[in-house]
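Chain by chain, the residues run as shown.
There are 2 protein chains.
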Amino acid sequence: MDRQDFELLSQTRLFRGLPQDMLQRLVGNEAPRKYQKGHLLFQQGDQADHFYVILSGWVKLFRLMPTGEEAIVHIFAAGETFAEAAMFAGHKYPVTAEIVADARLLSINSNHFEKQIAESPKIALAMLATTAERLKQLVTEVEQVKGRNSLERVAFFLLSMCSKEPGPTVLELPYEKSLIASRLNIKPESFSRVLNKLRHYGITSKKNQIIIPDVEQLRQLAMDNDST
Amino acid sequence: MDRQDFELLSQTRLFRGLPQDMLQRLVGNEAPRKYQKGHLLFQQGDQADHFYVILSGWVKLFRLMPTGEEAIVHIFAAGETFAEAAMFAGHKYPVTAEIVADARLLSINSNHFEKQIAESPKIALAMLATTAERLKQLVTEVEQVKGRNSLERVAFFLLSMCSKEPGPTVLELPYEKSLIASRLNIKPESFSRVLNKLRHYGITSKKNQIIIPDVEQLRQLAMDNDST
Chain A
1 MDRQDFELLS QTRLFRGLPQ DMLQRLVGNE APRKYQKGHL LFQQGDQADH
51 FYVILSGWVK LFRLMPTGEE AIVHIFAAGE TFAEAAMFAG HKYPVTAEIV
101 ADARLLSINS NHFEKQIAES PKIALAMLAT TAERLKQLVT EVEQVKGRNS
151 LERVAFFLLS MCSKEPGPTV LELPYEKSLI ASRLNIKPES FSRVLNKLRH
201 YGITSKKNQI IIPDVEQLRQ LAMDNDST
Chain B
1 MDRQDFELLS QTRLFRGLPQ DMLQRLVGNE APRKYQKGHL LFQQGDQADH
51 FYVILSGWVK LFRLMPTGEE AIVHIFAAGE TFAEAAMFAG HKYPVTAEIV
101 ADARLLSINS NHFEKQIAES PKIALAMLAT TAERLKQLVT EVEQVKGRNS
151 LERVAFFLLS MCSKEPGPTV LELPYEKSLI ASRLNIKPES FSRVLNKLRH
201 YGITSKKNQI IIPDVEQLRQ LAMDNDST
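The listed protein sequences correspond, in order, to chains A and B. The numbering of the first sequence is the UniProt record's numbering, which starts it at 1 and goes up by one. The numbering of the second sequence is the UniProt record's numbering, which starts it at 1 and goes up by one.
Covered, in the sense of this in silico footprint (three residues per stretch, anywhere, with C-beta under 8 angstroms from a C-beta of chain B), are these stretches of chain A: (1) 61–75; (2) 125–133; (3) 165–177.
With a straight-line Cα cutoff of 25 angstroms, these simulated SDA-like cross-link-like pairs (lysine to any residue) come out: (4) B:187 x A:96; (5) A:115 x B:17; (6) A:92 x B:21; (7) A:177 x A:215; (8) A:115 x B:25; (9) B:92 x B:41; (10) A:122 x B:119; (11) A:187 x B:70; (12) A:207 x A:184.
Note that these hints are calculated values from the structure, not bench results. We put the beta carbon where it would ideally sit given N, CA and C, even for glycine.
Taking the hints into account, I'd like the entire structure generated from these sequences.
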């Protein structure tokens, strides 16, 4: 593996921020391999004993439908990793992976990976640190992007705190509403205005309680602006 | 810790999907503690030796500015965890944590956590599996939500594959453009139309190469619809 490969590897979402010596241990003596277009890396139902880093090229993950058709799950490109969730969990691959443009891949074996973590739990902690951090950033990003105007932002936020069951719910907010406004990146006065508007939808607030008569209705309110 | 606490714990982003026995080992004999509004859990610069799960109440994380003002970083509510990234990484807390509405918290100690992982690396793998999986879902969600129309979606996607440096770049796509369209959840003919439109911005495609004269300009194109 040359320096450029190593650079790309250390920039993947999974390994970003991992100290170089830990990354070196995780990779071990594994060398990148070339694959031609059309090659099947693994098939749906195979034991998930490797995960992959794409150094160049493209990989398609798909499921075979009962009709024989392919349902594409995702297309991955250079700098991305795939199949790690299945491998970490020790499951079978839930999809088939096919090379769709000539590729160079690095594979990491589950036994090797587990052995490194047992010897040096700090590797797992470092990986958890980066993924946990990134996860929070993305959750915030999604929260903020999904709710574009104040009403939708508040609705989406309230929704995220409701249980999944439909029907009525009561949420307890901190006494200072300015804190919620801050979390949602809106002005405190906008937050009060939104709470007033929510009354039209039957959602009332009483001190620090928000009384929601129907979670399902709130969901529709939050999703109104969501085109996906 | 009662059954309801344990239920909430197993629903947090960090622990979701973790088998019950592993979760039990991670928590150990730790019991939830009550904290009153105004209590400081930890202060900016303290060694990060715990992370926390909120069972009820609210917690504010903030940084003290040189002016003495508080810059709020985030407000966390029941069912959320915080400070795990700092603890996993073994850093100092980069923020101060204050209880803003009477709270019950479960804290997990870094030494205990590390010991459990060393004894049973499968715990770390299971946590990595859930965070890796969730991370991918969120990245896809952000990709799709950020680019609302086809042009922005393609621009955002191309941007995500560019290096961070400004200036010209050449990207290699798979031969079949239908695969990219599938990844972006748009119709193949929309993808071709978008490629044609991109010519107005000097971005040209030649077989499976996309030639981008200026990454910065592409960034502006992708971010046009981004109100965050």
